[in-house]
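2 protein chains.
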Amino acid sequence: MKSPIRPLDDAARDMVRSILQDARFAALSFIDPDTGAPMVSRIALVEGPDRLPLSLISDLSHHSAALQKIPVCSLLIGEPGPKGDPLTHPRLSLQAKASFVRHTDVSHARLAQAFLTKQPKAKLYIGFADFALVQFTPLGAHLNGGFGKAYILGPEDLD
Amino acid sequence: MKSPIRPLDDAARDMVRSILQDARFAALSFIDPDTGAPMVSRIALVEGPDRLPLSLISDLSHHSAALQKIPVCSLLIGEPGPKGDPLTHPRLSLQAKASFVRHTDVSHARLAQAFLTKQPKAKLYIGFADFALVQFTPLGAHLNGGFGKAYILGPEDLD
Numbered sequence: 001m002k003s004p005i006r007p008l009d010d011a012a013r014d015m016v017r018s019i020l021q022d023a024r025f026a027a028l029s030f031i032d033p034d035t036g037a038p039m040v041s042r043i044a045l046v047e048g049p050d051r052l053p054l055s056l057i058s059d060l061s062h063h064s065a066a067l068q069k070i071p072v073c074s075l076l077i078g079e080p081g082p083k084g085d086p087l088t089h090p091r092l093s094l095q096a097k098a099s100f101v102r103h104t105d106v107s108h109a110r111l112a113q114a115f116l117t118k119q120p121k122a123k124l125y126i127g128f129a130d131f132a133l134v135q136f137t138p139l140g141a142h143l144n145g146g147f148g149k150a151y152i153l154g155p156e157d158l159d
Numbered sequence: 001m002k003s004p005i006r007p008l009d010d011a012a013r014d015m016v017r018s019i020l021q022d023a024r025f026a027a028l029s030f031i032d033p034d035t036g037a038p039m040v041s042r043i044a045l046v047e048g049p050d051r052l053p054l055s056l057i058s059d060l061s062h063h064s065a066a067l068q069k070i071p072v073c074s075l076l077i078g079e080p081g082p083k084g085d086p087l088t089h090p091r092l093s094l095q096a097k098a099s100f101v102r103h104t105d106v107s108h109a110r111l112a113q114a115f116l117t118k119q120p121k122a123k124l125y126i127g128f129a130d131f132a133l134v135q136f137t138p139l140g141a142h143l144n145g146g147f148g149k150a151y152i153l154g155p156e157d158l159d
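Here the protein sequences come in this chain order: A and B. Our numbering numbers the first residue of the first sequence as 1 and each following residue consecutively. Our numbering numbers the first residue of the second sequence as 1 and each following residue consecutively.
Calculated from the structure, these hints are not laboratory results. A virtual CB, placed ideally from N, CA and C, is assigned to each residue, including glycine. A couple of the hints might just be wrong.
As the list claims (entries may be wrong) - Below, computed lysine-lysine pairings styled on DSSO-like, alpha-carbon distance capped at 27 Å: (1) Lys83/A / Lys69/B; (2) Lys118/B / Lys118/A; (3) Lys123/B / Lys83/B; (4) Lys69/B / Lys97/A; (5) Lys121/A / Lys149/A; (6) Lys149/B / Lys69/B; (7) Lys121/B / Lys123/A; (8) Lys69/B / Lys97/B; (9) Lys121/A / Lys149/B.
As the list claims (entries may be wrong) - Using C-beta positions, here's what the derived DEER-type ranges look like: (10) Phe128/B / Asp22/A: 24 to 34 Å; (11) Val106/A / Gly127/B: 17 to 27 Å; (12) Val72/B / Asp130/A: 22 to 32 Å; (13) Val72/B / Phe128/A: 29 to 39 Å; (14) Pro33/B / Thr137/A: 18 to 28 Å; (15) Gly36/B / Val106/A: 32 to 42 Å; (16) Arg102/B / Asp50/A: 20 to 30 Å.
Pulled out of the complex, with its shape left as it was, chain A reads as follows (with noise of 0.2 Å):
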């Protein structure tokens, strides 16, 4: 069977970079550590300090608990609009692990700040006992820039 993966290159280096600029909010995958089975969350997703997915997320959510003790996710960036063919439309997997950071982390502050700045209107909530930051350390991803380009790209590629 032929191989889609296409050596990494400039073009798909800076789609992936406006893959994650742009990105309001993702498809988070997860395990359900009760059951072992994969589950799927949409979270709200920005890219904030050091170039890190990072997420604001209720402790009330199934994700959040199941995060905790299960860190290793997906994250599924890049949403086509309302118009053509959706799977034409790039798209970024990413494995990622989360990171927890709470009120009283000394890097909350900095944190909020960078959420806030793009998605303000959370600063409704986001001071809530019950809501973390999550920052997503990327370990590698999966770019889909529509039928037959496809790209494999390492950790050192999400830099």
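Fit chain B to the given chain A structure using the hints.
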């Protein structure tokens, strides 16, 4: 901690029906059999016969090989538009089991017809030997109708 889950009502059931009927694509959460890590890909998705979600997947894709080994997966369905807060847009996280339907299977013609009715452009490649239809049997779901509007559904709620 107060549970955010509400009792299932007719308005929530209607929301689920709309999300499934309107689906054009979904985020598929699956397990990478080589690493055990959760992964996520965008796939085409329509409501097929018997109201089961139906996709068309290339054997060249990472998720095809994975689903053939570990068919338990999740689908995130219901996409926000370009405006407004994406986290207030209703979405369904559906836990499901994937079944592959090949060209040699007796049900292929009927399912292919149903798929093409909703995604006519797929006629260009639905006949390729390395494209299979994939039917998803629901095992349960979480409906998120926006902040504070969460519901849990069993398979009986998804008939």
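Margin query: Run the distance test for lysine 118/B versus lysine 118/A: straight-line Cα separation, threshold 27 Å.
Written below: 36 Å, violated
Next item on the list: Verify the proposed pairing of lysine 149/B with lysine 69/B, using a straight-line Cα cut of 27 Å.
Entry: 35 Å, violated
Margin query: Verify the CB-CB distance for phenylalanine 128/B and aspartate 22/A against the hinted window 24 to 34 Å.
Written below: Taking Cβ atoms as reference, phenylalanine 128/B and aspartate 22/A lie about 32 Å apart, which means the hint holds.
Item checked: Hint check for aspartate 130/A and valine 72/B - Cβ pair distance inside 22 to 32 Å -> 30 Å, holds
Check: Is the distance from the Cβ of arginine 102/B to the Cβ of aspartate 50/A consistent with 20 to 30 Å?
Finding: 46 Å, violated
Item checked: proline 33/B paired with threonine 137/A, Cβ distance criterion 18 to 28 Å -> 23 Å, holds
Check: In this structure, is the beta-carbon distance linking glycine 36/B and valine 106/A contained in 32 to 42 Å?
Finding: Distance hint for glycine 36/B, valine 106/A holds at roughly 33 Å.
Check: Do the alpha carbons of lysine 121/B and lysine 123/A lie within 27 Å of each other, as the hint requires?
Finding: Roughly 43 Å between the alpha carbons, so the hint for lysine 121/B and lysine 123/A is violated.
Notebook entry, point to check: Do the alpha carbons of lysine 121/A and lysine 149/A lie within 27 Å of each other, as the hint requires?
Noted result: 36 Å, violated
Notebook entry, point to check: Does lysine 83/A pair with lysine 69/B here, judged by a C-alpha cut-off of 27 Å?
Noted result: Status violated; Cα separation ~34 Å.
Item checked: Status of the given 29 to 39 Å range, CB of phenylalanine 128/A versus CB of valine 72/B -> Holds - the Cβ-Cβ distance for valine 72/B and phenylalanine 128/A, about 34 Å, lies within 29 to 39 Å.
Check: When you check the alpha-carbon spacing of lysine 69/B and lysine 97/B, does it fall within 27 Å?
Finding: 11 Å, holds
Figure legend: structure checked against the earlier numbered hints; hints not met, in rising order: 1, 2, 3, 5, 6, 7, 11 and 16.
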